[in-house]
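Engineer: In case you want the letters, here they are:
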Amino acid sequence: MNVPTAYLLMLAAVLFSIGVIGVLLRRNAIIVFMSIELMTNAGNLAFIAFARELLSTAGQVFVFFTIAVAAAEVAVGLALVVAIFRTKHSIDIDQMSSLKG
Amino acid sequence: MTPDLILFALIAVLAVGSALAMLFSRNAVYSALFLVFNFLVVAVLYLLLNAAFIAMVQVTVYAGAIMVLFLFVVMLLGGEQISGKPSTKWQLPLALIFGAALLAVLGYMLLFRPAGAVSLPAVTADFGSPAVVGSELFRRYLVPIEIASVLLLVSMVGAIVLTRPEKGKPE
Amino acid sequence: MDVMHALETGTAAGLFAYAPLIILFPIVGLVANLLVGRRLGERFVGIVASGAVALAFVVAVVQFLALRAQPEGARVMVADWIAIDSLSIPWAFKIDSLSVTMMLMVSGVSALIHIYAVGYMHEDVRFQGDPGRYTRFFIYFNLFVAAMMVLVTGDSFLTLFVGWEGVGLCSYLLIGFWYEKGGGGIGNALAGNKAFIVNRIGDFGFLIAMFLAFWAFGSLQFDEVFERAEALGPAGAGVLTAITLFLLVGATGKSAQIPLYVWLPDAMAGPTPVSALIHAATMVTAGIYMITRNHVLFELAPFSSGMVAWVGAATALFAATIAVGQYDIKKVLAYSTISQLGFMVAAVGLGAYVAGMFHLITHAFFKALLFLSAGSVIQGVERGHHHAAHGHAPPAGAPFDPNDMRGMGGLAGRMRVTFFVYLVGAVALAGIPPLAGFFSKDEILAEASRQNPAVYVLLSAAAFLTAFYMGRQIWMVFFGRPRSQAAEGAVESPLVMTAPLAGLALLSLLGGALNLPGIHTLGHWLEHTLGTLEAAEFNPAVALVSVGLAALAIGLAWLLYGRSPLAEGQPDPLRRLLGPVFVGMQNKWKVDELYDWLIVRRYVSLSRFLAESVDGRFWHDWFHDSVLAQGFRRSTSWLSYGFDLPVVDGFFNGLARLIGQAAAGLRRLQTGYARNYALALLGGAVVVLGLLLFG
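As you go down the protein sequences, you meet chains A, B and C in turn.
Here the first sequence is numbered in our numbering, starting from 1230 and rising by one per residue.
Here the second sequence is numbered in our numbering, starting from 12 and rising by one per residue.
Here the third sequence is numbered in our numbering, starting from 115 and rising by one per residue.
Here chain A stands alone, though its shape is the one from the complex (with noise of 0.2 Å):
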């Protein structure tokens, strides 16, 4: 597909941004892993355009890898929901406020 690759840039740019309102903006915890999933994803895109238009199998590796890590990452992450799920009966993250200062 011949595409600017300004152009892929930017869906992954606003693939992100979205990404980062939803963790911003909604208050179930999964929703925001997922939102955090979508940064990812976004960040995944703009690493196969680059290695389209550079020819370079590194970045097709680099997002192998990053899949491979945000499966690790979920799997914990998850578990630390259940985890946390246990005891406050919620997954609301504003709920999970103990830090306050």
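Some hints could be false.
[Unchecked claim] To give an idea of the interface, some chain A residues facing chain B are shown, with a C-beta separation under 8 Å as derived from the structure: (1) Asn1231; (2) Leu1240; (3) Ala1242; (4) Leu1253; (5) Ile1259; (6) Met1263; (7) Ile1265; (8) Gly1272; (9) Val1290; (10) Ile1296; (11) Val1305; (12) Val1310.
[Stated by the list, open to error] Estimated spans, in silico, between C-beta atoms of each pair: (13) Leu87/B with Ser1327/A: 22 to 28 Å; (14) Arg1315/A with Asp758/C: 54 to 60 Å; (15) Val168/B with Val762/C: 55 to 61 Å; (16) Lys1317/A with Trp101/B: 40 to 46 Å; (17) Leu164/B with Ala778/C: 44 to 50 Å; (18) Ala1312/A with Ala20/B: 42 to 48 Å; (19) Thr1316/A with Val168/B: 18 to 24 Å; (20) Trp101/B with Ala778/C: 17 to 23 Å; (21) Ser160/B with Arg1315/A: 27 to 33 Å; (22) Phe1294/A with Trp101/B: 34 to 40 Å; (23) Val40/B with Ser1327/A: 52 to 58 Å; (24) Val40/B with Leu795/C: 25 to 31 Å.
No wet-lab data here; the hints were simulated from the structure.
Predicted, not measured: the structure shown is a model, and the values here were computed from it.
We treat Cβ as the ideally placed atom computed from N, Cα and C, and that holds for glycine.
Starting from the known structure of chain A, arrange chains B and C on it as the hints suggest.
Structural biologist: Only chains B and C this time, still in chain A's reference frame:
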């Protein structure tokens, strides 16, 4: 208006739309499903960008494993509606402002700075194929592979430990 | 005799080394009595005390013998005392004829009086009601003897002064022996105070003299000072006059001359042995001894010598007039002592040092005798009072005073021995030959007639009055009919008291042999110390005049008191004869009152002013309390409330508050909501991006 651009525009709209839908959906399950859709769209895009292997990985791992895990947890905990007062009043306006600012900055950077080549260079047939990526991985990036495997192991153990029942308390 | 001589010369130096024992024996005695006296009883105390003084007398005799073999005497060093730069005052004894004479007299008379006191105090502590105080008396008595010996054997002004102060202290302790008795419950203590304080004035003069001597001559040792004074010659006339005048002040204090004699009559408040020993025979003679010791200085300062003679003569006459008007038996003797001391002082003032010393010794004999006999009389009357009181109720009227002669009379028959010895003493004092007093007094009069007719007249008048008041006393006390029940019941004193009296009477009878005219035994003896004797030839005219005056005086006394003896309550016939003059005599010419008004009251009001106004109100109340304390309080209050609290505290409190507020403000960032943190992250990221892009 090349066909490539139109195709790209379509894909972009789908991706952004599903993302927004995920964002604004009140039902957590719907949000997860929208995200799955978003991932699939992005996988298609990968394919079009000659990253076949990665596309497959995206579908299997991201959309297949990670999102399934998400759905599991959503089902487990219930995607109940979170109601109540927002924590801080200024969160929403500020978030929007900053988000917009971010977008603006990125946009400026991407569109008005000297961009790269308008047209992408030619690519070999096996660029992005599993063989190429695989050989690249296991040759140059062997150590990171191993480390990634250890990382996955650690996260597995972590997940198990975190979700273990407390001592004396029956699960 | 040759062998003895050889022996004596050979061992003379060795014998001199025993001199310090003369002080040590009394000290050992007093320490022994101090430690075990009370437990071992009166007999032990008496024996130890008297024995110590007797041993001191033995030492004095040994020194005498040694000195005869080696007439230059010796200087016995005991220890170093002060050694600062050029001032070196060791503790040393000066053994020469003058000091040995004094040693013999003091220890001998002291020994006799100690024995007397054993008996006297035995009765006195029972009269006064505190038998436990017996030991204390003898401790003080021995201490006195030790101090007197220090005074007499001192080799320098300073060691003499140590003894000087020591005897002053013992005098104070012994005058106030019955400190809770006397007029108003503190009369005796007040008398002690008076003695000490008046003596202090004299001591001050002595100190000034010492300072001047050191300043002028660079030393305080007698020999060195005399050498340098003679070497100084006429150039030192001024400083020598000053020194000797201040020495005179010291002598007037200790030897009770005008104007510092006022303490001696009051000192009669002490027990009679005290009056005899300290205030008749020994302490009061210290002034005369001191002047004789410093004869070199006095010979070089004729003006001071003249002053000394005048002071002595005036005192002699003045005191004699007061003695005529006294009713207290001891007061008569006290003023007599002052008068006789005046004789001695006049003698040394005229340069007749030998005559002065001679009279000093004879006066010690018969005055001690008179005082002790008076004590015997007083105790006899007290015994009579006790017997009378046991029989019937005490007579109404004035409280019983055993010393008052108006309550005596007719004691000759009742107290035979006392009467006899008293008579001997009185005749000796009056100057009737061949008793001791005649020879010594006559020598003084002869010298006076030769040198200073005015002084001679004064002294002769005093001699006349002396004979008169002694006659008055004899007839009032021993003759006639007893004027009170106490006198009627008077009983003789025990042997322990009368034996020493006999001894002293014997000395009074024979003492004239010490320095008979022509055979100046004492004079030659003292030559070694005092220089060649200018022997005044015996002046028969003077002798006749003095004997005649004495006989006249005794005749007058017989006329007034002997022919028609006083009856009970009858006033003194002199009152009728002399009128206001007699009242003046009786009231001691109001000298004490004059001093009180002139000096004491002014001083007390000055002290009170200084204490209350200056020290109290001004210094304490105003300065300390208002200015200092208040000022301090105000300044610290300002410092604390005005400065420390608002400024310093305020600064730091403000700083803390500022930080607290900043923290409180910053704390609001920590909402605890992850989303807010994420927002912050985003904000930061946007800013950084912007900076990277556009910065």
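Engineer: Return holds or violated for the Cβ distance of valine 40/B and serine 1327/A against the range 52 to 58 Å.
Structural biologist: violated (29 Å)
Engineer: Measuring from beta carbon to beta carbon, are lysine 1317/A and tryptophan 101/B in 40 to 46 Å?
Structural biologist: Hint violated: Cβ distance 25 Å, outside 40 to 46 Å.
Engineer: Quick check on the hint: alanine 1242/A CB to chain B CB, less than 8 Å?
Structural biologist: With a closest approach of 4 Å, the alanine 1242/A hint holds.
Engineer: Is the hint on methionine 1263/A kept, meaning its closest Cβ partner in chain B is under 8 Å away?
Structural biologist: With Cβ-Cβ at 5 Å, under 8 Å, it holds.
Engineer: Holds or violated: the hint that valine 1305/A contacts chain B, with Cβ atoms closer than 8 Å.
Structural biologist: holds (5 Å)
Engineer: Against chain B, run the beta carbon of isoleucine 1296/A and see if the smallest gap drops under 8 Å.
Structural biologist: At 5 Å from the nearest chain B Cβ, isoleucine 1296/A passes the 8 Å test, so the hint holds.
Engineer: Could one say that the CB atoms of valine 40/B and leucine 795/C fall in the range 25 to 31 Å?
Structural biologist: holds (29 Å)
Engineer: Less than 8 Å between beta-carbons is the criterion; does isoleucine 1265/A satisfy it with respect to chain B?
Structural biologist: violated (11 Å)
Engineer: Look at the Cβ atoms of arginine 1315/A and aspartate 758/C and judge whether their distance stays inside 54 to 60 Å.
Structural biologist: holds (58 Å)
Engineer: Does the CB of valine 1310/A sit less than 8 Å away from some CB of chain B?
Structural biologist: This interface hint holds because 6 Å falls under the 8 Å limit.
Engineer: With a cut-off of 8 Å on the beta carbons, see whether asparagine 1231/A makes it to chain B.
Structural biologist: holds (5 Å)
Engineer: Just to be sure I understand the hint, the distance between the Cβ atoms of alanine 1312/A and alanine 20/B should be within 42 to 48 Å; is that true here?
Structural biologist: Given a distance of about 44 Å, which is inside 42 to 48 Å, the answer is holds.
Violated hints, listed in ascending order, are 7, 8, 16 and 23; each of the other numbered hints is respected by the structure.
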